[in-house]
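**Q** One letter stands for each residue in the lines below.
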Amino acid sequence: MHISLKREIKRSHFGQAGLALLALVVIAAAIAPLLTAYDPDQQTAASLLAPSADHWLGTNHVGQDIWSQLLYGARTSLAVGFGVGILGLILSIIFGVSSALIGGIYDQIIMRIVDALIVIPMIIMVILVAAYIRPDLFILILLLAALSWQGGARVIRAQALSLKESGHIGAARAMGAGRFYVARRHIVPDLGPILLVEFIYGVRRAVFIQAGLAFLGIGDPMLVSWGTMMRDAMSFSYLNVWQWWLIPAGVALSLTIIGLTFVSHAAESVLDPRLRGEAVA
Amino acid sequence: MLEIRDLRVSYGTDNILTGVDLEIGAGETLAIIGESGAGKTTLGLSIMRLAEASVRGEIIFQGRNLLALTEPEMRAIRWDAIAMVFQNVNNVLNPVHNVLEQVAEPMVAHRRLGKAASREKAGELLARFGLPRGRFRAYPHELSGGEQQRVLLAMSLANDPDLLILDEPLSSLDVTTREELGKLLKQIDGHSARLVISHDLDTAARLAGRLAVLYGGRIVETGPTTEVLENPRHPYTRALVRAYPNMTTVKDLQGIKGRMTRPVSGCAFHPRCTQAIARCKTEIPPLVTTDNRAVACHRGGIVTLLSTENLGRSFGSLRAVDGVNLSVAHGETLALVGQSGSGKTTLAKTIMGLHQPSAGTVYLEGKKVTARKKTFYRRVQMVFQNPGESLSHRLSVLELVTEPLDIQRVGSKAERKAKAIQTIGEVELPQDEHFLDTYPHHLSGGELQRVAIARALVLDPDLLIADEPTAFLDASIGAKILKLLLNLQEHRGLSLLYITHDIAAARKVSDRIAVMLDGKIVEAGPSSRIVAAPEHDYTRRLLASASSLH
Numbered sequence: 000m001h002i003s004l005k006r007e008i009k010r011s012h013f014g015q016a017g018l019a020l021l022a023l024v025v026i027a028a029a030i031a032p033l034l035t036a037y038d039p040d041q042q043t044a045a046s047l048l049a050p051s052a053d054h055w056l057g058t059n060h061v062g063q064d065i066w067s068q069l070l071y072g073a074r075t076s077l078a079v080g081f082g083v084g085i086l087g088l089i090l091s092i093i094f095g096v097s098s099a100l101i102g103g104i105y106d107q108i109i110m111r112i113v114d115a116l117i118v119i120p121m122i123i124m125v126i127l128v129a130a131y132i133r134p135d136l137f138i139l140i141l142l143l144a145a146l147s148w149q150g151g152a153r154v155i156r157a158q159a160l161s162l163k164e165s166g167h168i169g170a171a172r173a174m175g176a177g178r179f180y181v182a183r184r185h186i187v188p189d190l191g192p193i194l195l196v197e198f199i200y201g202v203r204r205a206v207f208i209q210a211g212l213a214f215l216g217i218g219d220p221m222l223v224s225w226g227t228m229m230r231d232a233m234s235f236s237y238l239n240v241w242q243w244w245l246i247p248a249g250v251a252l253s254l255t256i257i258g259l260t261f262v263s264h265a266a267e268s269v270l271d272p273r274l275r276g277e278a279v280a
Numbered sequence: 000m001l002e003i004r005d006l007r008v009s010y011g012t013d014n015i016l017t018g019v020d021l022e023i024g025a026g027e028t029l030a031i032i033g034e035s036g037a038g039k040t041t042l043g044l045s046i047m048r049l050a051e052a053s054v055r056g057e058i059i060f061q062g063r064n065l066l067a068l069t070e071p072e073m074r075a076i077r078w079d080a081i082a083m084v085f086q087n088v089n090n091v092l093n094p095v096h097n098v099l100e101q102v103a104e105p106m107v108a109h110r111r112l113g114k115a116a117s118r119e120k121a122g123e124l125l126a127r128f129g130l131p132r133g134r135f136r137a138y139p140h141e142l143s144g145g146e147q148q149r150v151l152l153a154m155s156l157a158n159d160p161d162l163l164i165l166d167e168p169l170s171s172l173d174v175t176t177r178e179e180l181g182k183l184l185k186q187i188d189g190h191s192a193r194l195v196i197s198h199d200l201d202t203a204a205r206l207a208g209r210l211a212v213l214y215g216g217r218i219v220e221t222g223p224t225t226e227v228l229e230n231p232r233h234p235y236t237r238a239l240v241r242a243y244p245n246m247t248t249v250k251d252l253q254g255i256k257g258r259m260t261r262p263v264s265g266c267a268f269h270p271r272c273t274q275a276i277a278r279c280k281t282e283i284p285p286l287v288t289t290d291n292r293a294v295a296c297h298r299g300g301i302v303t304l305l306s307t308e309n310l311g312r313s314f315g316s317l318r319a320v321d322g323v324n325l326s327v328a329h330g331e332t333l334a335l336v337g338q339s340g341s342g343k344t345t346l347a348k349t350i351m352g353l354h355q356p357s358a359g360t361v362y363l364e365g366k367k368v369t370a371r372k373k374t375f376y377r378r379v380q381m382v383f384q385n386p387g388e389s390l391s392h393r394l395s396v397l398e399l400v401t402e403p404l405d406i407q408r409v410g411s412k413a414e415r416k417a418k419a420i421q422t423i424g425e426v427e428l429p430q431d432e433h434f435l436d437t438y439p440h441h442l443s444g445g446e447l448q449r450v451a452i453a454r455a456l457v458l459d460p461d462l463l464i465a466d467e468p469t470a471f472l473d474a475s476i477g478a479k480i481l482k483l484l485l486n487l488q489e490h491r492g493l494s495l496l497y498i499t500h501d502i503a504a505a506r507k508v509s510d511r512i513a514v515m516l517d518g519k520i521v522e523a524g525p526s527s528r529i530v531a532a533p534e535h536d537y538t539r540r541l542l543a544s545a546s547s548l549h
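Protein chains in written order, with numbering that gives the first Met the number 0: chain A, 0 to 280; chain B, 0 to 549.
Don't read these hints as lab results, they were simulated from the structure. Certain hints may be false.
Stated by the list, open to error - A few chain B residues facing chain A, derived, Cβ under 8 Å: (1) Arg177; (2) Val263; (3) Gln355; (4) Asn385; (5) Glu388; (6) Leu390; (7) Leu397; (8) Glu402; (9) Gln407.
Since the structure is predicted, the reported quantities are computational estimates derived from the model, not experimental observations. The beta-carbon is built from N, C-alpha and C at its ideal position, and this holds for glycine as well.
Chain B on its own, in the form it takes in the complex:
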């Protein structure tokens, strides 16, 4: 139906789209999502040949390249075979004609129907989109925003277009109208292919079967809507999902670090990406399809940072950790939940190499970890359960935070000090001399935990294992620590293995939850699923006994 190949659009020297490839089949709805400024609207306008810009590439519609057509040929297609509903309803309708005439106009203009017949059909369409009959003769300024949108939707379907482009069709509407129009749009189906353009994931999820994520002028991920939203593969898609308030996700909202900049060499997302490698700065990643999903990323999408295979640790006949398979993706929080004695800490220590595993393997970015060398500890760090115990009482705050750098022999002495002080600031602790010279026994529980976190972060690890980081803190301080960890995740792409007995806390900070009982993982999955539809009895018991204020 519609095939776009290597579409490049620029306004003067501003390259808005830098090589978009898309395909929409007949009867299919594809949603393009992305932040404001990603080039979504430009894409729609380019298809309509309404973009006042230099457009290159190919837009093949029903076998014809629209970009090669003359303007009269294009005019025959526009508003006939291809219709578009514009964003910003206020400016689109003509203020001097009533809405019925305006809906009928495309039919008359393309000589599809006579005047009377076209008015009748227009009335039918308006009625289907829920505009009361009495309002047909109203002028645009007499209508509310929701009613204007109904008119525009009716107008776009007037000539039964083969391709309908909907630019933010539901975004400016209140939730109930949005719900109603969303349903209507799905009902009034027909054969048309639809391209929904939106920054709003909800709109996309409601209307579209497939999703394409646009960033920096290129498609970074495509796939079936539910799959993409549930299990995003591109770091940008995941960040979008995390930033979007909705009723499904249980984790706290997280933003995306930095802001969209142009122009960017290499992968457009690399300045904001937390897993970028050198290649991302120079080479544009192609969109690679596997199964029915496609992702444009040099690293093949979100990287699995750490995984364990059948990991076990026994003490005599006691199997403290028994055949555990886990994986933590880059920038993800995995909560390991279970009661005390279930083997959580032993598992963490076994991953860290503080216990020798009795069975199984640990993989770091797919590579088997054998002897734990210094390089391993640069990438994986741990915050221990009791900060008072894990911090030596003989070292000052500065010495404590510098110690990992000393051990790893990073930089010069002055550089280490500067790095330590910077990290101390990052965990929101004072950086003055007095505080740096303080010894742990003069610090509060919250401060101790922050020092412990700073010490773990000073090496810029990719994965932080946090063992009950709030167990010794009161609720308010504990909340601040968790918030801090989430902020660090947003800014550094830190992966977290968050160990807790508290499933209520886990659901607020984790993308996925793994429930541990007697050394085994009994259930694992997305936090929202585990919380809403637990499968294992023990998970249900945990949920039933979790803190509740009602």
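Excised from the complex, chain A in its bound form:
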């Protein structure tokens, strides 16, 4: 059966809402310079100003424009989210598919590594490692990707194992196809929907962890991000600046994660039609 992923996601109300939220965040990040006159790093005015016509959300403790920080913070979240999502997915595919196709001792080794990575809580690992190496944005993406492929690899391996026994893959092997060809031309395309779901999981997790790390003050303090904003705002919780400083950052982060969750929920229902329920008529 042909399943059109695009159509399924668009059909679902969750999917529509999620896509709308994501679109909002992506557009805001993309056209940030058009939406604000200020550089988020620049000290533009007095600190801790209340919202005004000049500074829609006021300024922070060092006089930076909070609206600008909110917009540019979206860039950081999305960069980390999608960067880790893609890299993590690539690692998952490489290890998952190769384990399934090669099998034997190689499979055993990879799967034991996966088990180990799953057992050790990822957040703690990330906090420990990040606290030591103080990663910049690029290193952070690599670090998160390196620690977040194991779940996907296991799911992909399981699916690839069952695909491996399917008729058209046997047929391809009977034409003389090598493992790499089978993986590239048949298994990965057949995994399509699963890969999408795994990818969105990865993005969501990365957005969340990046915000958490920034909130904890681990990582690059110069990087404009929602987590940093919330951390800074928390120090001034005795003032009423939280209304235009803490809440917008928290809401932006929540909406992004909710958007991703909705899309992944819709995509999952594609994989398992029993989850479709009434929402998908």
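Given chain A's structure and the hints, the job is docking chain B onto it.
**A** Then chain B, alone, in the frame of chain A:
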């Protein structure tokens, strides 16, 4: 008795016989068979020195080279020591003499007997060949074709010839007369050596102990008649047998691809041969004798394409395939018959390398197959049981059929496309853009199976393993698919390993049947033998439960 060495006969520039070697012993009957135009009659006429052609070589009869004799010397032998019954009875008898006189004439002419005695003997001969006494004085035009043939046969034996040449002696007769005259000819034996010339395998089988197959002016195979017909070694002989309607073979009739052309360099049969190699085009193969059979083929006759030796595949303690010995010859269909769970598919997949064998070896043209490289899959392809499953739903018809070429990196992109489209046409599917862009879930079961077959054939394999190719199809579509496979076999010389649970279908398409039960081959042999005289209980059960319309 008669020995022919390197006989070459040509009419002008047309070389009819291009080097025939033959031997006939006393009392032996040798049949020469071949298609019309193969040069059979010319051979007979050359022995009689009646061919109006340039004849070279040696025809040694009772120690004398007939070709070196003068015409008067030859005339003494002709119709005396050597007699011939011509093809085309209508023109042979003299219309102004009655038949008794005509039968007596050779005896008188060679001064063997007086007039009265010769007439008496002629009457005796005519009576032995079943001509009613009242018809002796009849003129040829008053006789039927069968009666004329009786007269000619009687006439040929008038002088007790040492060598009798019978050119299509039974061909123009109806079956019952043919049966009667065939028997008479065998009874009236005597010491004469006989050379039967016929395109008709039945005549040869009835009259001759040995058979020589003539093609393109040369003998391509000789041997004892029953052995040659049962187990032909030359591809041409097999093709002749397959084309011949008879009550023994159960497989559907198959023609021979192309037609006989002259002149041909190298082996005369190579343009029509499906196992020809480069050498066949340039070098004429000599007739090589092994045991009592001889075959003229650079490849030593029909090649054994694939064989397995003691092949086994176990899953844990289950022996799905257990010590299987099979062989598939070039251009042959071997049906593997057995109930589901007997290990047929596992055997096929093990041959294909989709399962690792637990024991035994697979040989491809006698060479051991170890690691299955791309080259193996170029020669051996498989059509899987369920076409819907074996075709990826994400690829269009054209992409599906092109895929093997992509994998094998054959030619350029445009060449691959052209080849794929050509193969799609070969399996009788439409070749228009619309169809080529169709995805499998929009195709019918029959179309899917054809796409699967096209995909398997696009690499021009020598062996096609077809696993229950009709299991998912209704009878009419299934019949068309089987017919298609047989046609492909005729045109490409495709070998088929046809896997089925249906022995009724197997007998129509296979040359040989192997019956499989619990991972073992319990019985194997020619389809006709397996169907008519099964030896194993399980085969009998299969036959008893096979579909029947009565």
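**Q** Each hint should be assessed against the structure and marked as holding or not.
**A** Here is how each hint holds up against the structure:
Because the smallest distance between the Cβ of Arg177 (chain B) and any Cβ of chain A comes to about 50 Å, over 8 Å, the interface hint for this residue is violated. Violation of the interface hint for Val263 (chain B) is found here, the shortest Cβ-Cβ separation to chain A being roughly 35 Å, above the 8 Å cut-off. At its closest, the beta carbon of Gln355 (chain B) sits 12 Å from a beta carbon of chain A; the interface hint therefore is violated under the 8 Å criterion. The beta carbon of Asn385 (chain B) comes within 6 Å of a beta carbon in chain A, closer than 8 Å, and the hint placing it at the interface holds.
Given hint, Glu388 (chain B) at the interface with chain A, holds; its Cβ is 3 Å from that chain's nearest Cβ, closer than 8 Å. The restraint placing Leu390 (chain B) at the interface with chain A holds, with a minimum CB-CB distance near 6 Å, inside the 8 Å limit. Because the closest C-beta pair between Leu397 (chain B) and chain A is about 15 Å apart, greater than 8 Å, the hint is violated. With a cut of 8 Å, the hint placing Glu402 (chain B) at the interface with chain A holds, because the nearest CB-to-CB distance is about 7 Å.
Restraint check, Gln407 (chain B) versus chain A: the minimum CB separation of about 6 Å is within 8 Å; hint holds.
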